[in-house]
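Undergrad: If you want the building blocks of each chain, they are given just below.
Number of protein chains: 2
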Amino acid sequence: MVLKLLGDKTRLAMMKLLEKNECCVCEFVAIFGISQSAISQHLRKLRDVGLVKENRKGQWIFYSLNKGSDMHGLVMKILELVPSQEERIAELEKQGLRVSCG
Amino acid sequence: MVLKLLGDKTRLAMMKLLEKNECCVCEFVAIFGISQSAISQHLRKLRDVGLVKENRKGQWIFYSLNKGSDMHGLVMKILELVPSQEERIAELEKQGLRVSCG
DNA sequence: ACAGCATATCAGCATATGCTTATATATACA
DNA sequence: TGTATATATAAGCATATGCTGATATGCTGT
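Sequence order for the protein chains is A and B.
Each residue of the first sequence is one higher than the one before, starting from 1317 at the first, in the working numbering.
Each residue of the second sequence is one higher than the one before, starting from 1317 at the first, in the working numbering.
No lab work stands behind these hints, which were simulated from the structure alone.
Cβ atoms here follow ideal geometry from the backbone N, Cα and C, with glycine treated the same way.
Be a bit skeptical, because a hint or two may be false.
Claimed, not checked - Restricting the straight-line Cα-Cα distance to at most 20 Å, the calculated cross-link-like pairs of lysine to any residue (SDA-like) are:
id, chain 1, residue 1, chain 2, residue 2
1, B, Lys1383, B, Leu1408
2, B, Lys1325, A, Asp1324
3, B, Lys1325, A, Gly1323
To be verified - Which residues of chain B face chain A? A few of them, derived with a C-beta cut under 10 Å, are:
id, residue
4, Leu1319
5, Leu1321
6, Lys1325
7, Leu1328
8, Met1387
9, Gly1389
10, Leu1397
Kindly produce the complete structure, drawing on both the sequences and the hints.
TA: And the structure:
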């Protein structure tokens, strides 16, 4: 269930980041400071219910919000109320950890 | 956190019922078929974060949505997308289990 | 083919969660 | 005061959840 998935603070922050950015697994790892395995498992849950979609670019897999999801409207309303996470992206850039291949 | 609380199907259904009705603990017990204790614990969680408020009427305590909650707007948006639970109230009435003390 | 990096999956563990039963508290009424 | 009803709290249990470390898979470049 979508609300249960968004009830986890890490997943909610991931979704907020994906609202404005495409991100790959290793970026989330750098941002959240948890294992690559944990990030991958969160993304799988989000993908399994169709909230995000993946887009492979070479060795990276970029995730983005799935705007075609049934729940997309609700998700956007919820994300509106979540504080911006853009500083985390800025921090990544500053550390030179942003993966942009595009 | 609000989303986590609403991520539980019982609590979400309780909130949907409270959208249109004031309900007491024993009504929820009849509706959901779980113990009085379990219902009471769900209500406590909802009350602790301010989503619902209580209103004692004699030996009953009636719960209702707390419209003054910071999260009330979000909650209403979410509840719009939850299927109506009004048949459950109708069922209660039919069984003569509705507690109305006006 | 091989090494290196990114990602996914598996197995196991600690904690959180939702439930139950038993008990305590609060109100109503005889 | 005593009994019945409604609700709250405490203790314990089974399952779910989120994490880690180890391993598998997939792509890249040599």
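Undergrad: Among all the numbered hints in the text so far, which are the ones the structure does not match?
TA: Per hint list: single violation, 1.
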